[in-house]
Amino acid sequence: MRLAALFALCFSALVFAGAEVVEFSDESLRSRYQNLVQELRCPKCQNQNLADSNSPISKDLRREIQRMLEEKMTDREIKNYLKSRYSEFILYRPEVNKNTWLLWGSPVLVVLFGVLILARHRRQAKPLVAKGREMIASDQQRLNAMLGDEENQQ
Amino acid sequence: MNRLALFVPLALFAGLSLVLLLGLDKDPTELPSALVGEPFPAFNLPSLMAEQQFVTEQDFKGDVVLVNVWATWCFACRIEHPMLNELSAKGVKIIGLNYKDQRAEAKEWLAERGNPYQFNIFDAQGQLGIDLGVYGAPETFLVDASGIVRHRRVGVVDERVWNTEFRALYEQLNGSDQ
Numbered sequence: 006m007r008l009a010a011l012f013a014l015c016f017s018a019l020v021f022a023g024a025e026v027v028e029f030s031d032e033s034l035r036s037r038y039q040n041l042v043q044e045l046r047c048p049k050c051q052n053q054n055l056a057d058s059n060s061p062i063s064k065d066l067r068r069e070i071q072r073m074l075e076e077k078m079t080d081r082e083i084k085n086y087l088k089s090r091y092s093e094f095i096l097y098r099p100e101v102n103k104n105t106w107l108l109w110g111s112p113v114l115v116v117l118f119g120v121l122i123l124a125r126h127r128r129q130a131k132p133l134v135a136k137g138r139e140m141i142a143s144d145q146q147r148l149n150a151m152l153g154d155e156e157n158q159q
Numbered sequence: 108m109n110r111l112a113l114f115v116p117l118a119l120f121a122g123l124s125l126v127l128l129l130g131l132d133k134d135p136t137e138l139p140s141a142l143v144g145e146p147f148p149a150f151n152l153p154s155l156m157a158e159q160q161f162v163t164e165q166d167f168k169g170d171v172v173l174v175n176v177w178a179t180w181c182f183a184c185r186i187e188h189p190m191l192n193e194l195s196a197k198g199v200k201i202i203g204l205n206y207k208d209q210r211a212e213a214k215e216w217l218a219e220r221g222n223p224y225q226f227n228i229f230d231a232q233g234q235l236g237i238d239l240g241v242y243g244a245p246e247t248f249l250v251d252a253s254g255i256v257r258h259r260r261v262g263v264v265d266e267r268v269w270n271t272e273f274r275a276l277y278e279q280l281n282g283s284d285q
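These protein sequence lines map, in sequence, to chains L and A.
Count along the first sequence starting at 1, add 5, and that's the number in this note's numbering.
Count along the second sequence starting at 1, add 107, and that's the number in this note's numbering.
Chain L extracted, bound-state conformation:
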């Protein structure tokens, strides 16, 4: 029960999102509309998307998106329309270009870096492990010899 309440709280923002009634001529546009307003950022209220924001500019932009969807524009065309006006800032998922390749590429780079370190580490560790095994073996011999000696004495 408590878990269910917690779960509901976690998603309450999504429930409120796009609370206003939006009418579409074709119901299939609705899911695209929801996706777009989730993924586009409000230019005025920096850390909200268009769905969450109540600012007048967000209302206007939601109306614009609805209009463009009705005009059969593709998602890409709609994003480009807004990008050409509000700059890339408006895209919460920025495109890959010369400014953002590092941002997009950094997870891959970090993983590669990790693999490199791991490989290096293993290579350096190998002779040590072999040496360790030798030492264990010689220690064992010594131990056996000592124990053997003790047994002999008794």
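Rather than coming from a laboratory, the hints here were simulated on the basis of the structure.
Only a predicted model underlies this, so the values are computations on that prediction, with no experimental measurement involved.
Honestly, I wouldn't trust all of these hints.
Quick list of simulated restraints, FRET-style, between CB atoms [said to hold, decoys possible]:
| # | chain 1 | residue 1 | chain 2 | residue 2 | range |
| --- | --- | --- | --- | --- | --- |
| 1 | A | A275 | L | R37 | 20 to 28 Å |
| 2 | L | W109 | A | N281 | 40 to 48 Å |
| 3 | A | I255 | L | E25 | 36 to 44 Å |
| 4 | L | T79 | A | V143 | 23 to 31 Å |
All residues carry an ideal CB built from backbone N, CA and C; glycine is no exception.
Following the hints, complete the assembly by docking chain A onto the known chain L.
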């Protein structure tokens, strides 16, 4: 292992700190403008003063102008207005874009505070506002004689902003005309 390699994490940390430190001075509410270097968007909207009359971007082509986005509901516009009056008195041509406003209130505002504008575009729906990427009034665009947007300021243009951001560019654009 190479002893210098031990300093790599420290160097990375120092680098990151430097980047973050430089970031502190930036204003995160300032968006890069997609319009600088692009032509002023085409429009055909009623004039504020004469309801029947329509104005277009052709009406200020051939002049270096400021296009100032304002509204009576915009508090900062109150603060900015005297500066616009001053600029207008100095001979700077200013076009007003009355943004999502009431016509009667806007007229009253100009009657009360003085009218620094050559003419006003009445954009009740905010359509031209969207084309310009306006996200908060006041905003001011510097448009050159061939209709290209050369600079954009989001927020109040005061003495300091005019001197640091606009003045040199404005004089240069005006000078190259003559």
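Hint by hint, which ones does the structure fall short of? 1
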